[in-house]
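Trainee: Got chain E sorted already, so can you dock chain X onto it with the hints?
Number of protein chains: 2
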Amino acid sequence: MQNKIIAKKDNAIRILGIDPGLQITGFGVIESDGRSSRYIHSGNIRANSLKSDVGMPQKLGLIFRKLTEVVDEYQPDEVAVEEVFISRNASSSLKLGHARGAAVCAAVQTHLPVSEYSARSVKQAIVGNGAANKEQIQHMVLRLLGLRGTLQADEADALAVALCHAHTSVLVGSQRASYSRNVA
Amino acid sequence: MQNKIIAKKDNAIRILGIDPGLQITGFGVIESDGRSSRYIHSGNIRANSLKSDVGMPQKLGLIFRKLTEVVDEYQPDEVAVEEVFISRNASSSLKLGHARGAAVCAAVQTHLPVSEYSARSVKQAIVGNGAANKEQIQHMVLRLLGLRGTLQADEADALAVALCHAHTSVLVGSQRASYSRNVA
Numbered sequence: 079m080q081n082k083i084i085a086k087k088d089n090a091i092r093i094l095g096i097d098p099g100l101q102i103t104g105f106g107v108i109e110s111d112g113r114s115s116r117y118i119h120s121g122n123i124r125a126n127s128l129k130s131d132v133g134m135p136q137k138l139g140l141i142f143r144k145l146t147e148v149v150d151e152y153q154p155d156e157v158a159v160e161e162v163f164i165s166r167n168a169s170s171s172l173k174l175g176h177a178r179g180a181a182v183c184a185a186v187q188t189h190l191p192v193s194e195y196s197a198r199s200v201k202q203a204i205v206g207n208g209a210a211n212k213e214q215i216q217h218m219v220l221r222l223l224g225l226r227g228t229l230q231a232d233e234a235d236a237l238a239v240a241l242c243h244a245h246t247s248v249l250v251g252s253q254r255a256s257y258s259r260n261v262a
Numbered sequence: 079m080q081n082k083i084i085a086k087k088d089n090a091i092r093i094l095g096i097d098p099g100l101q102i103t104g105f106g107v108i109e110s111d112g113r114s115s116r117y118i119h120s121g122n123i124r125a126n127s128l129k130s131d132v133g134m135p136q137k138l139g140l141i142f143r144k145l146t147e148v149v150d151e152y153q154p155d156e157v158a159v160e161e162v163f164i165s166r167n168a169s170s171s172l173k174l175g176h177a178r179g180a181a182v183c184a185a186v187q188t189h190l191p192v193s194e195y196s197a198r199s200v201k202q203a204i205v206g207n208g209a210a211n212k213e214q215i216q217h218m219v220l221r222l223l224g225l226r227g228t229l230q231a232d233e234a235d236a237l238a239v240a241l242c243h244a245h246t247s248v249l250v251g252s253q254r255a256s257y258s259r260n261v262a
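Sequence lines, in order, name chains E and X. For the first sequence, this note's numbering assigns the number 79 to the initial residue and increments by one for each residue that follows. For the second sequence, this note's numbering assigns the number 79 to the initial residue and increments by one for each residue that follows.
Hints in this document: simulated from the structure, not taken from any laboratory. Predicted, not measured: the structure shown is a model, and the values here were computed from it. Be aware that a few hints might be false.
All copies of an identical chain are treated as equivalent in the list; a pair is satisfied when it fits inside any one copy or across any two copies.
[Unchecked claim] Capping the alpha-carbon separation at 30 Å, the derived lysine-lysine pairs in DSS-like fashion look like this: (1) Lys87 with Lys144; (2) Lys173 with Lys144; (3) Lys86 with Lys173; (4) Lys87 with Lys173; (5) Lys212 with Lys173; (6) Lys144 with Lys86; (7) Lys129 with Lys173; (8) Lys86 with Lys129; (9) Lys212 with Lys144; (10) Lys129 with Lys87.
Next up, chain E with everything else stripped away, as it sits in the complex (with noise of 0.2 Å):
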């Protein structure tokens, strides 16, 4: 979904959410001024779709660049990531290491606070339920920001990520740390 809003309103808090993964990477912007939120931009990183012999560097590569332009261009103001589900599979956790490694890269390159939020922070925060399903996400990031049509899980995922920073910033206020971790 494309909608560029470049003018950031005062007052108003520009977040970056990522959902990071190594073949999709999902980002989305919102600007909030505590008490409601708008979408500024989000879309996908598709790494899965370089040709099939590419390696890891070249993938991580597209998603640290890819991400460094939206940050340049959006100028966020502060990012939150979705923090990873350790899966029982090392492998699969390698991977999702290496994007994770990525996108947190194109954030703290340019000094932005990195927090990071469970899923199932996530889904308490957007739904109100830890145990939310995708369709659930989907349609209440849909209807907080405002949105008609569908979105893409994974940019639906970084948006909903990016709200959930929203809504905890509100809470901790002026005390927000450089750097938060935060795990339900």
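Mentor: Below, chain X alone, put in the same frame as chain E:
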């Protein structure tokens, strides 16, 4: 170990080797003309020296920025990264994945070719035995680079993967791909 020699010899390839870790990341820069290699620089990035309440994003930021500085200052032509031993512990794999993601991003942001080598390939290339121990690696790294004294383990491993790449590059010659993955 610090020994700055900036000027590059003609016909030499400058290689940055990296042994990534979320606590300590070793790096080493060598130059190879195909017959012999010389030491340029090496060191460790100690993310474990940061305050105990510092989170993963800051640690990755440190790794990313320090390696970016090394790339800027020593201008390697190619980068070699030790491939991860996938442990049965998914949590450890995830942390190591984060560190490798940050290390690889520091290289690919300037479009440097990145090659990966398994620990076994590195040991085979340096000691001639894929099951060599740390002391044997250290001994041969010092000998191949004409160094005296001792190297910290991660620094030695980083120089070892750079030397492994130098040896492999000679074999592959001009057919070297922009990305290669070498697993013994």
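Trainee: Going through the numbered hints above, which ones does this structure break? Give me the numbers in ascending order.
Mentor: 3, 4, 8 and 10
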